[in-house]
Amino acid sequence: GESVGLHLPTLSVQEGDNSIINCAYSNSASDYFIWYKQESGKGPQFIIDIRSNMDKRQGQRVTVLLNKTVKHLSLQIAATQPGDSAVYFCAEKWDGAGNMLTFGGGTRLMVKP
Amino acid sequence: GAGVSQSPRYKVAKRGQDVALRCDPISGHVSLFWYQQALGQGPEFLTYFQNEAQLDKSGLPSDRFFAERPEGSVSTLKIQRTQQEDSAVYLCASSLAGRIGGETQYFGPGTRLLVL
Chain A
790 GESVGLHLPT LSVQEGDNSI INCAYSNSAS DYFIWYKQES GKGPQFIIDI RSNMDKRQGQ
850 RVTVLLNKTV KHLSLQIAAT QPGDSAVYFC AEKWDGAGNM LTFGGGTRLM VKP
Chain B
258 GAGVSQSPRY KVAKRGQDVA LRCDPISGHV SLFWYQQALG QGPEFLTYFQ NEAQLDKSGL
318 PSDRFFAERP EGSVSTLKIQ RTQQEDSAVY LCASSLAGRI GGETQYFGPG TRLLVL
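First to last, the protein sequences are chains A and B.
Under this note's numbering, think of the first position of the first sequence as 790, with each following residue one higher.
Under this note's numbering, think of the first position of the second sequence as 258, with each following residue one higher.
Treat the hints with care, as some may be off.
[To be verified] Using 30 Å as the maximum straight-line C-alpha spacing, the simulated BS3-like pairs for lysine-lysine come out as follows:
(1) B:Lys268 / B:Lys314
(2) A:Lys831 / B:Lys314
(3) B:Lys314 / A:Lys860
No wet-lab data here; the hints were simulated from the structure.
With these hints in hand, go ahead and build the complete structure from the sequences.
Have a look at this one:
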């Protein structure tokens, strides 16, 4: 099938380890951030989001950290599983741009069994 | 529950042909978005609807691209006189609304367009 992200940065981790995927966003006025997971041949799948008035949010096995000082976003995945292998995108939204999302370049996560 | 659906999933067109891509958003979702995703890149915004109103079409690359959502539910993205550079995955997303609490955009599987 079609491969998403032929030349993306790649993070390779061992099954069971924790993964940290980083993203630098572009606009200090952004007020909403979201992480998506995209498997080959599929559309982006929502993982977790965070608003700019927070610096941390936790979900099931995932945590998003927001550092507005350096415009940095990270996604932490605990106990990474083979099913987590995919391309991960961060996206940002700011009121000045309406409701569109602006996506980062993506990171490929490969989980070794 | 039912997510965003798109059809066709794959489309091969000869250069110069017109194509129409369909999006069925999640029921009750007010906002609908179209994005274009080139191979190896993140999605890029094309256009946005709130109900039947097209509020932003700043991302449409040329006047060959046209989108509509006449009844505020199903949307169609039309590309006229397709060119090879139009080859990409076209993604549709919907959300409850553009305000706090309803911002999360849920994506469909995409339509993979190949222009020969």
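The hints, checked one at a time:
| no. | hint | verdict |
| --- | --- | --- |
| 1 | B:Lys268 / B:Lys314 | holds, 23 Å |
| 2 | A:Lys831 / B:Lys314 | holds, 25 Å |
| 3 | B:Lys314 / A:Lys860 | holds, 27 Å |
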